[in-house]
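S.K.: If you're matching them up, the sequences are chains A and B in order. First residue of the first sequence: 1, per our numbering; consecutive thereafter. First residue of the second sequence: 1001, per our numbering; consecutive thereafter.
Hint data in this document are derived by calculation from the structure and do not stem from the laboratory. As the structure is a computational prediction, the values presented were derived from the model and not from experiment. No residue lacks a Cβ here, since even glycine has one placed at the ideal position from N, Cα and C. Any given hint could turn out to be false.
Claimed, not checked - From chain B, some residues computed to sit far from chain A (all C-beta separations above 12 Å):
#, residue
1, A1047
2, Q1055
3, G1202
Unchecked claim - Derived list of chain B stretches under chain A, where covered just means 3 residues or more per stretch with a C-beta under 8 Å from a C-beta of chain A:
#, segment
4, 1141 to 1155
5, 1206 to 1214
To be verified - Restraint-style ranges between C-beta atoms, simulated for each label pair:
#, chain 1, residue 1, chain 2, residue 2, range
6, B, G1097, A, E49, 39 to 47 Å
7, B, G1157, A, A98, 42 to 50 Å
8, B, A1149, A, W51, 45 to 53 Å
9, B, E1182, A, I542, 53 to 61 Å
10, A, L538, B, D1075, 26 to 34 Å
11, A, W319, B, A1324, 19 to 27 Å
12, B, D1313, A, W51, 48 to 56 Å
13, B, A1194, A, R326, 39 to 47 Å
14, B, T1052, A, V48, 36 to 44 Å
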Amino acid sequence: MPQASDAGRVFTARPASVSPWVVAAVGIAALVAVPVAAVLSSLTSPAVEIWVHLWRTQLVELTWNTARLLAGVGAGTLVLGTALAWLVVHHRFPGRAALEWALVLPLAMPAYVIGFASLGLFDFAGPVQTALRRAFGESLRLPEIRSYGGVTLMMVLVYYPYVYLLARAAFRAQGGATLETARSLGRSRLVAFLRVTLPLARPSLVAGAALAMMEALADFGTVATFGYRTYTEAIYRVWYGMFERIAATQLASVLLLFAFALILLERSSRGRQRFTQGMRRGPATMPLPLTGWRAWAATAACAAVLTLAFLLPVGQLAWWGIEAVREGRVSRDFPVLLANTLSLAALAAAAACVFAVVLAYAGRLHPTRAVQVAGQFASMGYALPGSVIAVGVLLPLAWLDHGAGALLERAARPTGRALPHRVGDRPRRGLRRALPGREPADGGCEPHPDLPILDDAARSLGAGAGGVLRRVHVPMIRGGLATALILVFVETMKEMPATLLLRPFGFNTLSVEVWERTSEALWHEAAIPALAIVGAGLLPVILAIRWSTRDTRGR
Amino acid sequence: MRVITLLSRMVAFGLVLGLGAVSGEAQEVVVYSARSSQYGPELVFDAFTKKTGIQVKTFGGNTSELFERLKAEGDKTPADVLISVDAGNLWNAARAGLLSRVDSPEIVANIPAHLRDPENRWAGLTVRARTIMYNTKKVKPEELSTYDALGDPKWKGRLCLRTSSYVYNQSFVATMIKRQGEAKTEAVMKTWAANEPILINGDTKILEAIAAGQCDVGVTNTYYLARIVAKDPAFVVAPFWANQQTTGTHINISGAGVTAHAKNRANAIKLIEFLTTPEAQQMFADHAFEYPANPQAAVNPVLAKWGKFKQDDINIAAAGEFQAAATRLADRAGYK
């Protein structure tokens, strides 16, 4: 393989010196590695006394809660996402076309937003239960929403689109032929779906569920609002409540193990994905027209999901927002929060895209093992929960702070000048942001058309490696880059735990504001910042919808 | 990365310079206040300016933010006064060397000893009582007595609490430890946990839950109830003054201290002295339905209806001293 590709890359073979692209790629991977290594290294020097305390008081509960949350979200998104995709791809019913894209909308909603909006609606003292008690008597009790079931339901409602989108794409790619063949062999429609369509789409479904589970693992706001104890919540509580940085790190290391497990799951499903995508596309699907009550039941099912997952929470937020405006309870800092959020997100998106382009281009110029490993390693960032990264970034920076501080202090003493504290304060933000969104960026920024001849042609005309990238590849992948930028931008706006832990003093964002208000159950005040986040989140969703409708038309 | 650091340093430097220039003028005092974000601008500062001609510049933020900011700014800080909520936070600020000792006979005379730092680095300005709340239609006051008695099995499933990691609960448990020792406190917290309390993250929400009948009793700060009752006098929740026969009702404070590197130290002391006078106290406490720290000042009519109560007079610095111990104790007791 090396010979074959090297033959096409005469101009790139420069064995004598190490290319700056390789250095950059390895450097980026190292940047991702630092927090991971810092967190893992805490395992080598366990603070026994703290572990004993954690073991006796909460470790079992945290592990059980985190594990069953992941299981519930995985199973729930799998069932809901697949069922909805099956409905919209293989059936016709009233409103199908509109519902098909509208069902993607919940993706714009961070779980913590639907969480507190639904809590406001469905809590014991909320309007729904109060009305029910008025109608059916005071003794009426609905299941407690602040519970495992409640948290899982919230997450399933906002994360099912991951499965839905991938399942829908897989079903469409399969086309109608497989299903029809199975039916012609005497299978009922349902059996054909279960025995043929589903197994073929399995890699996509697993990948979607794995993404949903990664989101669930990283979530902090929802579990904290619902009082459901998981690792992310414990890390924050231990960090701020006990000021026990070591204990927080140890908890983060366990959380990291969960994340690794999910990465393995997702990577293995991706490996098998070729299996579907390699297949020749069959003829377009032939949706079954539903009639009578079945048709309306299908419409009602899709509409119910959309209502619970999007319309109702947005309506509740809008209502609170209007009340907040009317009562003058809108934060005067809102413009500052907005500006902070936008600038942070822009910085993160730009950094993530530059990193991704460098990684991908380095891999193209020098397809060596080292660069490949660096690329894979760096792309792990998206699966790391924000709290893990926060803890992992703060630790080495604290060492740096102290080490460098002590050194500089000695040097500065003669002049009597005091030192600026917290040398590393600001870069933390930018760094952390650049990490989680790497994956989508990778997909979008990777110089795609695999035609080495383009590089060679440009190089033969006198362009350097950087020039080729700037003048040939970047213009070609502009669309993908823009998408990646938007995705990272929105992810950064939504991100909560790492922003809480890493932000410099006085630097508040919309998500921090939502956290501060909801942690005091001041839901009215949280509504407008939350709506702003949802509004921004609609951008990539609309893009996704546009592609998929384009796909449909193209077929 | 380097560019970002550089930029951020320039911004930070500019900020310090800007603030420094402002605070360098003669008659001013700069206040970092954790109250302002919760209660809006304080009318009492206007009264101070009117009386003394000293301008008050406030910078709001939450408690931990202001703490970090003071710490990071070191001796460059523009802040002269730190106003914070929760005694534990003030204790932490004092321990970190952010506050300086003030020997003012006026403050000592105005504020009872248990609401002040034993070393006079901070003083309480307002008192917030954290007591038992009950549904007046379902619970008779005779059924209630002490915090400890909320562990009685008769309250099983009828109790609403905030989580133990909530700062006012940390301080609550911390002062209990100081009063009764760890073993006794842990035993009490275990009985609370055994009653399977419904955990709700907001005092107002707890009061609403009690009124709606989700639970019958709870523990919250009284000003949350006062805010509701001021709008809706028919609200079916009332406070019960806990521990009146024993140690007194648990209280916490919002308070102030002069920063260690205050540029306008004299003005800062003047401001805090003013804030402890009965006239200022009334405005200060009235505004947010808190109790004045100075016993000479009158309370808000909404609060007056609930009658007088005996405060737990243990020095509130215990809230900071035993904060970490309280967190761990609650963990052990299974109070989440």
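S.K.: Tell me, which hint numbers fail for this structure?
M.R.: 3, 4, 6, 8, 10, 11, 12 and 14
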